[in-house]
Amino acid sequence: MAVVTYREALNRALREEMERDDSVFLIGEEVGEYDGAYKVSKDLLDQFGEWRVRDTPIAENGFAGLGVGAAMAGLRPVVEFMTWNFALLAYDAIVNSAAKMLFMSGGQYNIPIVFRGPGGAALQLSAQHSQVPDPWYANIPGLKVCAPATPADALGLLKSAIRDADPVVFIEGELLYNVKGEVPDGEHLVPIGLADVKRVGDDVTIVAHSKMVQVALAAAEKLATDYEIEAEIVDLRSLRPLDTDTVITSVRKTNRAVVVQEGWPIAGIGAQVVDDIQREAFDDLDAPVARVSGLDVPMHYARPIEKMIVPSLDHVVNAVKHVCYLD
Amino acid sequence: MEQEVSQQEAQQERRVADRDRPDVDLSAYGRELLHEMLWSMLLSRRFEEKCAEAYQMGRIGGFCHLYIGQEAVAVGAIRALRSDDYVFTAYRDHAQAIVRGITPRAVMAELFGRVDGCSGGAGGSMHMFGADVNFMGGHGIVGTHLPLAAGVGYAIRYRGGDQVVLCFFGDSVVNGGPFHEAFNMVAKWGLPVVYIVENNAYGMGTATDRVASVEQLVTRGHAYEEMHSERVDGQDVIAMYDAVTRAADRARDELRPTFLEAVTYRYLGHSMSDPAHGTYRTKEEVQRERQNDPIATLCDRLISQDLLSQEEYDRLDKAAIAASEDAAEFAENSPAPDASAIYENVYRDEYLGGLDRRDAWR
Ligand SMILES: Cc1ncc(C[n+]2csc(CCOP(=O)(O)OP(=O)(O)O)c2C)c(N)n1
Ligand SMILES: [Mg+2]
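These protein sequence lines map, in sequence, to chains C and L. Numbering of the first sequence is given in the working numbering, commencing with residue 1 and proceeding in unit increments. Numbering of the second sequence is given in the working numbering, commencing with residue 1001 and proceeding in unit increments.
Careful: at least some of the hints might be erroneous.
[Said to hold, decoys possible] Here are the simulated DSSO-like pairs of lysine-lysine, each with C-alpha atoms no more than 27 Å apart in a straight line: (1) C:K198 - C:K180; (2) C:K198 - C:K159; (3) C:K198 - C:K307; (4) C:K159 - C:K222; (5) C:K39 - L:K1283; (6) L:K1188 - C:K42.
Simulated from the structure, these hints should not be mistaken for laboratory data. Fair warning: this is a prediction, and the values are worked out from it, not measured in the lab.
Can you make the complete structure from the sequences, with help from the hints?
Here you go:
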């Protein structure tokens, strides 16, 4: 076990997969000479050369579509978006082409591609640079969606995504790149579509993914110390397919649930999780399920307001107290 | 108003002026190729006449865009390719699919939404695919497939191959972003792609010269320095064949992409739900363009050069009609997909994730 950052884990995943399979290549803005806008692709250009680490013009629709075409011809592209906000210009390539090709060709052309980059709010990047893209992609049949919270999951899921036969949307946390964690030394693969219990507890289930797992973990410590509540934290890790079984198993044990997501509430990932809980564990619940989401507004620039919009430790603690009838 | 009319006339003249056909000796192409091209055009034409009939009888649904009038573009271009080259096109794709080698039966069954369709009945008119002949679709979003074709070009160079990608699209595409994004990458990275804009003068009901800020679409290609750009008479199958032969050589030998503007015309409405003429173009205009029919002109040239007899022509035409009838009969007898096909091909791997849980009672 080594302790590495989330960024280093992603870099390792790319390097290992590119070494293993010479049909894997990386393409995107600044991925080569600049080492990636967030340095995820550090030193890869030197090792693999420009056909496998390709700096592109700022043309998201164009290079994402190019990736889809290369996948049709049998390559395994990893398309990096500088952030997911810019991938809105490539939504057509991802949704209309990548997600539909296998289906509309009657099974003739699968698209083994990964679209990856950071999503969510960072610090004071305001309205256009802070969005959470999760439900925009989780809604689409034909796509798989991953959103890892830890370095080990970032490594194992990205490797699985690259090996997958279908298009995978891989949403990294813009504020997670410097988070450190233990990562296994040998080959490490995390299956897509499998949630993970990140903390065991009997009193309440907190469902979260990506950056919100870190928030939930911190909230759980406070809940244990201040209120003697032991929270179980289910990290979804993948948003499509969604691992409902792990969520339901936990809720059946704790009888209470709080579902946390960074993005906007309406039609968010949490809404789907709550639907699954009410349908399959209604009789196990001792309280209505609570949701914690980002506030339903574009992101403000002013720091105090930004802090109010993004879910925090206190918001999660309050929601847990609410479902435990402690407020 | 008067100015508008004269502008339209000027546009007409420009289009016609492009069609001065040099009286070249066609024997150099060989009877076999010439007859093959004539056959392909006839087959496309007769096949689509059958499509129109089947559409009217309710056998074909959805959007159905016919290619009648434009056959020389697909036939001349695709005949100039090797069998390991790749072809992309938009939703007006029946002729391209057949010319590339998907059987008329499989194309018609696809139109009918049947299991023997070339996309298993999942795609329909706009989404013909044939992996065994490198026919990569059949794309329904205007402009979306130009970057995809660039990607296949990228894969060819990545592996050091010498294949070529041919990508057809409509004239409305030159005004949108994906056109320029794809052209820029293909030109800069030397990808072996031949782009052909089928300038049939209209995007649905909008005359191209009402929305494009260039008089000739080929001009758009000149902005990309490594790209060779050229205007071709798209009603002359020989001119198309020559231009694409040169373009394919240029791509293979010099790693230089090409942009061809094929000047052509669609005789029928934009899709089966539109009349051939009406608010946006006149009956007279359509009749005038029909005088320049790509099949009839090739036929005349071949007959006058003793490269085709009337009997041979009649035989080919009869065979084309028979093949179209056969395709329709085959499609009629092919079953619709079973309900079990609903979740097929959404993923190559197993479809995971609560399918039978979220809507279990229906
Ligand atoms: C992005 C997008 N916008 C609009 C449409 C609807 N639409 C389908 S075909 C068409 C006209 C396209 O004309 P052109 O590119 O000239 O091709 P043609 O139909 O003449 O072959 C339009 C507007 C679409 N399919 N995709
Ligand atoms: Mg047009």
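Each hint tested on the structure:
{"no.": "1", "hint": "C:K198 - C:K180", "result": "15 Å, holds"}
{"no.": "2", "hint": "C:K198 - C:K159", "result": "20 Å, holds"}
{"no.": "3", "hint": "C:K198 - C:K307", "result": "25 Å, holds"}
{"no.": "4", "hint": "C:K159 - C:K222", "result": "34 Å, violated"}
{"no.": "5", "hint": "C:K39 - L:K1283", "result": "62 Å, violated"}
{"no.": "6", "hint": "L:K1188 - C:K42", "result": "24 Å, holds"}
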